[in-house]
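S.K.: Given chain V, put chains E and Z in place with the hints provided.
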Amino acid sequence: MSSVSSDDFRDSFFQECEELLEAMQDGFALMVSGAHEAETVHAVFRAVHSIKGGAGAFGFDALVAFAHHFETALDKLRSGDLEAGEETLMLFQRCGDHLADLVSAARDEAGGPLPGGEELREELDSLIGEQPQEEEGLPAFEPVVLDLDAMGEAQEGPGSISILFEPEADLFRSNNEPALLFRSLERLGRLEARADLSRVPLLEDLDPEQCHIQWQLGLETEESEGEIRAVFEFVEDACRLEISSLGAAGLEDGDLPSLEDLISVSPEASLLAETAPPPPAQTAEKTESATEKTSGGPPRGAATATIRVDLDRVDKLINLVGELVIKEAMLSQSIAQLELPSENEVSGGLESLKQLAGEIQEGVMAIRAQPVKPMFQRMARIVREAATATGKRVRLVTQGEHTEVDKTVIERLIDPLTHMIRNAVDHGLESPEARREAGKPEEGTVILSAAHRSGRVMIDISDDGGGINREKVRKIAESKGLVSPEADLSAVEIDNLLFLPGFSSKEQVSELSGRGVGLDVARSEVQTLGGRVSIASTPGEGTTFSISLPLTLAVMEGMVIEVAGQTMVVPITAIQESLQTRTAEIHSIGATGRVVANRERLVPIVDLGETFGLRRTPQNLDGHVLLMVETDSTTHCALIVDAIQDQRQVVIKSLETNYGHVHGVAAATILGDGRIALIIDPDSIIRDTVGAAGADLQLQLAR
Amino acid sequence: MTDTTTRTSGKGREVVAFRVSGQDFCFDIMSVREIRGWTETTLLPHAQPYVKGVINLRGSVVPVVDLSERLGLGAIEPGPRHVIIITVIGSQTVGLLADVVSDILTVNEEDIQPVPEIAADEVKAYISGVVVVEGKMIRKMDLSRVLPTAIREVA
Amino acid sequence: MSLKILAVDDSRTMRNLISAALGRAGFEVDLAEDGEDGLRRLADALPDVIITDINMPRLDGFGFIENVRKLYRDRIMPILVLTTESAPDLKARAREAGATGWIVKPFDEEKLIWAIERVAIPGGGT
Chain V
1 MSSVSSDDFR
11 DSFFQECEEL
21 LEAMQDGFAL
31 MVSGAHEAET
41 VHAVFRAVHS
51 IKGGAGAFGF
61 DALVAFAHHF
71 ETALDKLRSG
81 DLEAGEETLM
91 LFQRCGDHLA
101 DLVSAARDEA
111 GGPLPGGEEL
121 REELDSLIGE
131 QPQEEEGLPA
141 FEPVVLDLDA
151 MGEAQEGPGS
161 ISILFEPEAD
171 LFRSNNEPAL
181 LFRSLERLGR
191 LEARADLSRV
201 PLLEDLDPEQ
211 CHIQWQLGLE
221 TEESEGEIRA
231 VFEFVEDACR
241 LEISSLGAAG
251 LEDGDLPSLE
261 DLISVSPEAS
271 LLAETAPPPP
281 AQTAEKTESA
291 TEKTSGGPPR
301 GAATATIRVD
311 LDRVDKLINL
321 VGELVIKEAM
331 LSQSIAQLEL
341 PSENEVSGGL
351 ESLKQLAGEI
361 QEGVMAIRAQ
371 PVKPMFQRMA
381 RIVREAATAT
391 GKRVRLVTQG
401 EHTEVDKTVI
411 ERLIDPLTHM
421 IRNAVDHGLE
431 SPEARREAGK
441 PEEGTVILSA
451 AHRSGRVMID
461 ISDDGGGINR
471 EKVRKIAESK
481 GLVSPEADLS
491 AVEIDNLLFL
501 PGFSSKEQVS
511 ELSGRGVGLD
521 VARSEVQTLG
531 GRVSIASTPG
541 EGTTFSISLP
551 LTLAVMEGMV
561 IEVAGQTMVV
571 PITAIQESLQ
581 TRTAEIHSIG
591 ATGRVVANRE
601 RLVPIVDLGE
611 TFGLRRTPQN
621 LDGHVLLMVE
631 TDSTTHCALI
641 VDAIQDQRQV
651 VIKSLETNYG
661 HVHGVAAATI
671 LGDGRIALII
681 DPDSIIRDTV
691 GAAGADLQLQ
701 LAR
Chain E
1 MTDTTTRTSG
11 KGREVVAFRV
21 SGQDFCFDIM
31 SVREIRGWTE
41 TTLLPHAQPY
51 VKGVINLRGS
61 VVPVVDLSER
71 LGLGAIEPGP
81 RHVIIITVIG
91 SQTVGLLADV
101 VSDILTVNEE
111 DIQPVPEIAA
121 DEVKAYISGV
131 VVVEGKMIRK
141 MDLSRVLPTA
151 IREVA
Chain Z
1 MSLKILAVDD
11 SRTMRNLISA
21 ALGRAGFEVD
31 LAEDGEDGLR
41 RLADALPDVI
51 ITDINMPRLD
61 GFGFIENVRK
71 LYRDRIMPIL
81 VLTTESAPDL
91 KARAREAGAT
101 GWIVKPFDEE
111 KLIWAIERVA
121 IPGGGT
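First to last, the sequence lines map onto chains V, E and Z. Residue 506 in our numbering sits at position 506 of the first sequence, and the numbers go up by one each step. Residue 39 in our numbering sits at position 39 of the second sequence, and the numbers go up by one each step. Residue 123 in our numbering sits at position 123 of the third sequence, and the numbers go up by one each step.
Note that these hints are calculated values from the structure, not bench results. Please read these numbers as outputs of a predicted model, since none were measured by experiment. Cβ atoms here follow ideal geometry from the backbone N, Cα and C, with glycine treated the same way. Among these hints, one or two may not hold up.
Stated by the list, open to error - If you only want the chain Z side, here are some residues facing chain V, beta carbon under 7 Å, derived:
no.	residue
1	Thr13
2	Gly63
3	Pro78
Isolated chain V (complex conformation) (with noise of 0.2 Å):
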């Protein structure tokens, strides 16, 4: 077989498979809930064989074999003969599993079949009790006509072969036409065809279905008769079909007339002049399609609803939407600054393209964003993989996964997720037998869950286990020395604990989770996508994470604030609110320390110009505003500014491009008089200047 190998063609096969493993990966999940319907079963089957469909024009073997073992399982279970019992399902989702890996391999060229594949298989043979026609056999799929070569070695070239060809009436009913069987036999060789029409009945007795001709063929040919016979191999079954040799001697004329004689008297011989005549039920029709073809213009496309696009290609276009912004921002400025009258043209304009800039910008990023299933469908796989491995009975439950976010977000959401939902099966789900005693069904729920609230996106991961043990918690805490023994932790706080660097190691986290990676390592991963991670925990009852990210990495909601004369933004969502100086009660601790009353906390004070090396902190903070703002929900801090600009969006542009990271700052932003101001990192602030167990600690402590 010849094999396809254009890249572009293979890009495709496998971003194909992605859609097809997502589609088949839908189903086993809708199986497993038992809300499925039998073209669930349909569609995870024609998934798996358009995998192997594919995979075949490729030559990916290990694939193919592997597909076609699951395929030949999956059909049992579509035809009824298997039932969709809880076994079979998750046999059939770490066959799905096993099915995405070699898909992958196939796409990095490591090819050959993968461990496990052959367990898997006997697992699938055993289940339906018998072995499925192997792939071993794929040649004897070919068709015959790419099997001649072999059948012909066995004969000597035959030399005058004569054929007797009597079509039934399935072979017109089919479409079949006994001259194009002619025009191919004539590429074999000197061809003399003769019809037989003495079986024509009258025509009152004339069955127009049927054809009641027979043909008597001469064929010189150098071609075997498997040859000959491959021109009858859609017809085989319609026909009565008899070729035998005779030899040199060739065919002798007789007193049926000769091809060339059928072909004059015919009246669609202008149509089919090279070859023979058509049975005569269909001549009409014949003639009317022929004429009726019209052609021209190149092949029609695939009719599809997407389009690829090169990444770079898109981010150009954001980066340039973000200059538009910035652009529109500036000439906002500079018309502010004439002084026009109110209610000028101008600005009405403006307004107007500051209206359509922001709804560009708006599309563009859309089409950054992404649905979380394809992350979620993988987290399906992680908790399968933990759940065998800690030998617990785990059900995912996955909700929103149509929720869109940034691809990058997404890509990078990718190890702290899988790190999470380890974490949830590993220690969040308790053991079958613990689950039994507290009255819970021994299968654990693990809930993954996306879904849009005011502008951010919030993926939650929760369990129904045993709630976080405090207890067992904080003296892990107090023996790695992170939490003083005399601390008085609130239940929150004990909980903020697990995310303290050094909190888990590799002493008490199992081999699953562990890779000496804590939950500290998560969070941080998804703080640098400017998302935070929270957790509420209730004993008996289970824990939940909370992650909050960004829609977009490339613009934010930010507060542009003045501090020491340089402009800054302090993302909106780390801001709780704004005080001022006056009214607030500020507390002095210590020789510089100042702390503020609020909501029934005491909140150190920060000044940013301090932090940033601008300025030292005033001691008068009459003229001020402190600028409340929180990390994960448990930390606080208060920030000392000079004045409050603006709440606007901002671009979001890397300074780590052209010089580096800079602590205590997130990002930089265009403003619009086309000065860089540093977008803040608030979390960061905040850890340096309370510790990372968090300001409420300390300041308890104090109090």
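M.R.: Chains E and Z alone, transformed into the frame defined by chain V:
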């Protein structure tokens, strides 16, 4: 024109010559993207003293290095007469603050001499050779060495 | 005038491969994603030859062929089944439905073109 430019050799390279605190420097013109007048920068916290901050270059955030301070010749108090030479070093764009751009010269490889011992140690670390043009000594700057340290950390 | 082919396959990869192969052979290619889509395309313009997959959502290959034969009973439109299936009973079902020929995947360009040329009523170019 100078005698270095009249000698036509296949190895001639164009360099941009500029002055920093009274001393002449040059580097390959291929590294120069554009030359702009001084604009106010946005200060960067925790930066080395020679990093003057960042400017907006058509939507990119570009750090500005005070070459005088970087070379140990004392900080420049930048004003409207100063220029920022926008250079591309590797994959990074960096603005270099200089007094004035004086000339564009063609220099042959063989005219570049090793750094003389008399040069101040501070400067020596940043130059890869010298060219004498019309009695003036022009120091050929090694751009990779003037990059602000925050860049080297991430690079 | 080149032959006009309608290829019906739910796999984008297969559609791409078929389209490229037939395009190279000088045929005019129209593509459909499943049986229903195929019937819609036929309503626009009738091809000289139809190539169809069997396993497809909504309307599978058998149903598609039956419908084509019913709807266009006065036309000659050879229909080639291109599938990984090779079971005789499926072949018989396809023939019953009115399939002209049966080509077994894996996809082979030459094989496909040869089969088309064997069943197509020459409209010109061939």
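S.K.: All hints are to be evaluated individually against the structure, with a verdict given for each.
M.R.: Each hint, compared with the structure:
The interface hint given for threonine 13 of chain Z holds, since its Cβ lies 4 Å from the closest Cβ of chain V, which is under the 7 Å cut-off. Proximity of glycine 63 of chain Z to chain V is violated relative to the hint, the smallest CB-CB distance being about 13 Å (cut-off 7 Å). Given the 7 Å rule on beta carbons, the hint for proline 78 of chain Z holds: about 5 Å separates it from the nearest Cβ of chain V.
In this structure, the one hint that does not hold is number 2.
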